[in-house]
Amino acid sequence: MNKWEDNRAWLLVVPVFVIVAFSAIIPLMTVVNYSVQDIFGPGNRVFVGTEWFGEVLHDSRLHDALIRQLIFSGLVLLIEIPLGIAIALAMPARGWGVPVSLVLLALPLLIPWNVIGTIWIIFTRPDIGLMGVTINTLGLDFDHTASPFDAWVTVMLMEVWHWTPLVVLLAYAGLRAIPDAFFQAARIDGASAWSIFRYIQLPKMRGVLIIALLLRFMDSFLIYAEPFVLTGGGPGNATTFLSIYLVKLAVGQFDLGPAAAFSLIYFLIILLLCFVFYQALQNVGTGDKR
Amino acid sequence: MARIHLDRIAHSYVSKPRGESDYALRSIDHVWDDGGAYALLGPSGCGKTTLLNIISGLVQPSQGRVMFDERDVTNLPTQQRNIAQVFQFPVIYDTMTVFDNLAFPLRNRRIDEAQVIKRVEEVAATLELTADLKKRAQGLSADAKQKISLGRGLVRSDVAAILFDEPLTVIDPHLKWELRRKLKEIHERFALTLVYVTHDQNEALTIADRVAVMHEGQIVQFGTPQELFETPRHTFVGYFIGTPGMNFLPCTLDGGHAVVEGVQVPLAADAARPQNGAGGSLQIGIRPQFLKLSRAATASSVPVAISTVEDLGNFKIVTARLGANTIKIKLPEDEELPGEQGHLSFPPEWTRLYADGVLVE
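Residue numbers (my numbering), protein chains in the order written: chain U, 1 to 290; chain B, 1 to 361.
These are computed hints drawn from the structure, not numbers from a lab.
Where a beta carbon is used, it is the ideal one built from N, C-alpha and C, also for glycine.
Some clues are possibly wrong.
Incomplete in silico selection of chain U near chain B, CB under 8 Å [claimed, not checked]:
no.	residue
1	179
2	181
3	182
4	187
5	188
6	199
7	203
8	207
With the rest of the complex left out, here is chain U (with noise of 0.2 Å):
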């Protein structure tokens, strides 16, 4: 085979530039734009280098909400990778259980994501919510519109609710993909129930665990419409998550440019954290030292 060169090949290329162009990086410079510059109006905007950008970070509603952001993120990771492994595990693995499970696990991945706030506020009302009545009526006080504790335990029944069945498919489909004979094998050496999970069905799951978590992680961190929906950040400032703040930012006070430079060092937020723990998990369980 001879090389030539043909320069008209970068023809071919072009229609992922023009989509790459329009779907992430013309989007992105405008928000870059409005980051750097204070608009008063139509043509009417100064150019102020990165004071934005300074203001946003010594805002201490923004760091308050971070910190909020990131223990929210935590502890959805902490029970939803937990309980959806516990949950696929105690799947069927075959018959007529296998539908009517998964079916049943989908339902939640379903519903709008503001229905679900909606739902979720039907049903704790203290008055005539279902969970609200119940709770209230063994004796203990729930108020999620009061306490800043109800309403954060609220918002992480409703997180649970509605996305744990998504790590319970990843981590089903993970555990379908073992062959039989790791399980005949693990029976002739005598392994425990608990031997069975730790050295075969956790590490042969460790791809779709890595791909649940950074999902998860993702999800939880950008999480807007069913808080905004419950609780609408409160009670106080109880639940406003870095998205319900820049909302407020942007849309409420309209201040634009503040919010642009947010919006960039939520986006770097997680583009680092993402990174973080892809690398971090690429090498657990493997070993490897780098």
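The hints should help you fit chain B onto chain U, whose structure is shown.
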């Protein structure tokens, strides 16, 4: 160590079997003696693996009993049977080192750690895995992984038998020979009962002292490689073992002779005594090696038309036609061919008679 007795075992994967065809195994009654090397040979889907899994307890037979010595183990779970089994695809525990992989069956049985180290090192030395003991099992080659699977079977000193389910399928050809030799060596050294499932006749005949040939859920013959070759008890054995397989020609009987296409073929005196003129469809069978092809007719020869000759280096395969039948003849490389027409003689001592597929004795 134990003698394994399969007492009228039958198995069906269908919960309510209706006919014979629903059975993966049909009434197998068989004994594997203590310390022997056995092969279970048959084509895919003949029930070999099912039979193996019944011995190890991974599958519960629908009918019959499994006895280890005098103990009925039919209802015992795999863990309590003292059986080691190696599977077609290497099973290793990815996250463990080679050492931990080999130690796993012992540690699960709460064996003293000093004993574990001793056994693992011994087995690793036999399998030439000593250098890899500290490595993670994940990154090793397929044959090293299969050696680990094998090692996990050998490491237990209490096993009654070690079962192999086509363990060399994924191994490169040049390593196959090596591992086969290793297996043989291990069998001699540890004096284990060894049952080796394969569909490869060469593998079966080299590893095992005695081979059980399976066909459609039954053991059709159990014998030494020589017996299987010289005296197949079933037309399937004749056809399945040997390359090319045995020739079978439909025939009728006339006194001490078989009559094929109107020509008399003499049979050995003791072979051709179909008491009361045995019923069913009769065939004579003969190995391609034992046929004699000559230019001139002899007293008991049969005229044949030679259609093709394949030269395979150190021997040649001649395909000849006798009426509607095709006959394969295996001749030494240097033997001269008679041309398009030849005369074939059937040495009576190698010519067998079959009634409905079963050897007439």
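Here is how each hint holds up against the structure:
1. 179: Holds - the Cβ of residue 179 of chain U comes within 8 Å of chain B, reaching about 7 Å at its closest.
2. 181: It holds, given that the least Cβ distance between residue 181 of chain U and chain B is near 4 Å, below 8 Å.
3. 182: holds (5 Å)
4. 187: holds (4 Å)
5. 188: holds (5 Å)
6. 199: Hint on residue 199 of chain U: holds, closest Cβ of chain B at ~4 Å, below 8 Å.
7. 203: At 5 Å from the nearest chain B Cβ, residue 203 of chain U passes the 8 Å test, so the hint holds.
8. 207: Status violated, d = 12 Å.
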